[in-house]
Amino acid sequence: MTPSKEGKNTNKQVNVTGMSDEELIFTFQEGDVSAYNEIVARYKDRLTNYIYRYVGNYDECDDIVQDTFVKVYTSKHLYKEIAKFSTWIYTIAINLAKTKIVKQKKYKTFSISDVYEDENKDFDLPDDSFTPDVEANSKYLSMHIQKALDQINENYRELVILRDIEDFSYEEIVDMTGLPMGTVKSRINRGREKLQELLKDIYKEE
Amino acid sequence: MIQDDNKYNELREKLRSLPRVKAKPDFESRLMKRIKESESLPVYTDENKIQHVHVKKSWIQSFFRPMFAPAMGLAAVLLIAIVAYFAYYSKLQTKDTQPTQYVSSTNKGNLIIYIKKDGEDISSNYPKEYSALNPDERNPGENEIHAPVETPSDYLSKPDPSRIFAPEIRDDKASDDKKIEMQKYYDKDKEKGVDVLPERKTDDGIMMKKESKGMLKSETKSDEKKKSDEKKNTIINSNDAVNKEQNIISPKSEDDSGNKPDKGRYGINKADKKDSTENKSKSEAEEKEEIQQK
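Protein chains in written order, with this note's numbering: chain A, 1 to 206; chain B, 1 to 294.
Just chain A, with the same shape it has in the complex:
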């Protein structure tokens, strides 16, 4: 995958699979590119899922995840064994996602579908490539939940995804976001409440 300039590191590739995330990043800091490949393999889907649920757009999500791994590659020396590697890489990803959203808000993009909103015509270009909803059990349910997630506040959304979708502990979320525990809890509860309200119809249907 990634270019391996040093031939010496090829011998270590066997051992990389059994390493923890922290060990992988340390070996990568020493110059072993295979450790980086292992990190990408472990985190690409997790980060994609997390960012997709946060942003709501698969292409943007893919772009953000790519940027996250480039950042890890270029700024590998900045990681120190203070926090978990997962916390560090998720923090990078969420910060990049936030900056992207801010930029989008600043320079609003004009969508073709917005012009014909009254006619309820969908002009999204057909994408024959892989889409996340293909694997979903229920396409409708997935879309509905995603719409609900997009409607709630960004601060609540971020924390709800981390806690209920990515299944991080409260302590890890505190480490990632840098917020106090009380704030994290309250925001998660408020996010949940709002989501429940938005997903009332789904419950009724069920």
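Note that these hints are calculated values from the structure, not bench results.
It is possible that part of the hints are untrue.
Simulated pairs of lysine-lysine, DSS-like, Cα-Cα distance not exceeding 25 Å [as the list claims (entries may be wrong)]:
1. K139/A <-> K194/A
2. K100/A <-> K36/B
3. K100/A <-> K22/B
4. K33/B <-> K100/A
5. K33/B <-> K22/B
6. K226/B <-> K280/B
7. K71/A <-> K98/A
8. K76/A <-> K226/B
9. K24/B <-> K76/A
10. K76/A <-> K105/A
11. K226/B <-> K98/A
12. K98/A <-> K24/B
Based on these hints, arrange chain B on the given structure of chain A.
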């Protein structure tokens, strides 16, 4: 925490049940391209810090900077202007101006105006006839002729026309007849022996009038007093002769008592009297002289 999680258990399960979104299959290949692109760009890490080596420039390079060009141009123009001014205009100004004149005063009170020669001493052009030094006394090699230095006292010694008092000489108002009469009186007085001071001319050339009558009178009075004193003295001398005779009669009484003779009895002692009169006359004369002097 757990209670809150249980409260929203149903919601949590739904969120967990959401299909896991996976990355695109070409994710890694695209990532490789991106990393290659990022490697081509300079990465600012501690290891790859670009060290800016300051190359020392020579002082000429640092001085003749393009940013200093306007300032240097202005300075050059100013310099040229100053040089041109001192080279040409200052000379022209000196030619136009008149040579400096010096004024000096001589001991005789005359004012001399002389012009100093260019490039020479102040006294170089001072007229020799007014010089304090004799031309014979001067050394032949010495060219320096010192002009008298003007001091405050010299200044005061100068004849200032504003300070000179010229009295007005008026025409004699007396008629010829009166003059003749006056001449007659004058001649008579002369015959009588009355001192008549003639008119005299002062050195200053100012006509002095006859001394006042008061002065003459005071002199005549003093003379008269002197004469009267002399007369008195002669009288006292005659009395002395009488007293001598009395003294011959009463010398014992003086010796017996041991006391001096009573002055009241015999009047004033001759010598005392004489002295007192003399002193009186002297003091009076002195006082008068003082008054006259004043």
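Below or equal to 25 Å on CA atoms is what counts here, so check K76/A against K226/B. Not satisfied, since the Cα-Cα distance of roughly 145 Å exceeds 25 Å.
Does K76/A sit within 25 Å of K24/B, going by the straight-line distance between their CA atoms? holds, 24 Å
Checking one constraint from the list: CA of K226/B to CA of K98/A, max 25 Å. Satisfied? Violated - the C-alpha atoms of K98/A and K226/B are around 144 Å apart, more than 25 Å.
Given the hint that K226/B pairs with K280/B, does the C-alpha gap stay at or below 25 Å? holds, 10 Å
Take a quick look at whether K100/A and K22/B sit within 25 Å of each other, Cα to Cα. holds, 20 Å
Given the hinted pair K71/A and K98/A, is their Cα-Cα distance within 25 Å? holds, 15 Å
Against the 25 Å threshold, does the CA-CA distance of K98/A and K24/B hold or violate the hint? Roughly 22 Å separates the two Cα atoms, so the pair holds.
Proposed proximity, K36/B with K100/A (alpha carbon, max 25 Å): holds, 23 Å
Please work out if K139/A and K194/A have their alpha carbons no farther apart than 25 Å. OK: K139/A and K194/A at ~22 Å, within 25 Å.
Hint check: K33/B vs K22/B, CA-CA at most 25 Å. Holds or violated? holds, 20 Å
Does the structure keep K76/A and K105/A at a Cα separation of 25 Å or less? violated, 30 Å
Check whether the Cα positions of K33/B and K100/A lie no farther apart than 25 Å. Since the Cα atoms of K33/B and K100/A sit roughly 21 Å apart, the hinted pair holds (cutoff 25 Å).
The structure is inconsistent with the numbered hints 8, 10 and 11, although it conforms to all the rest.
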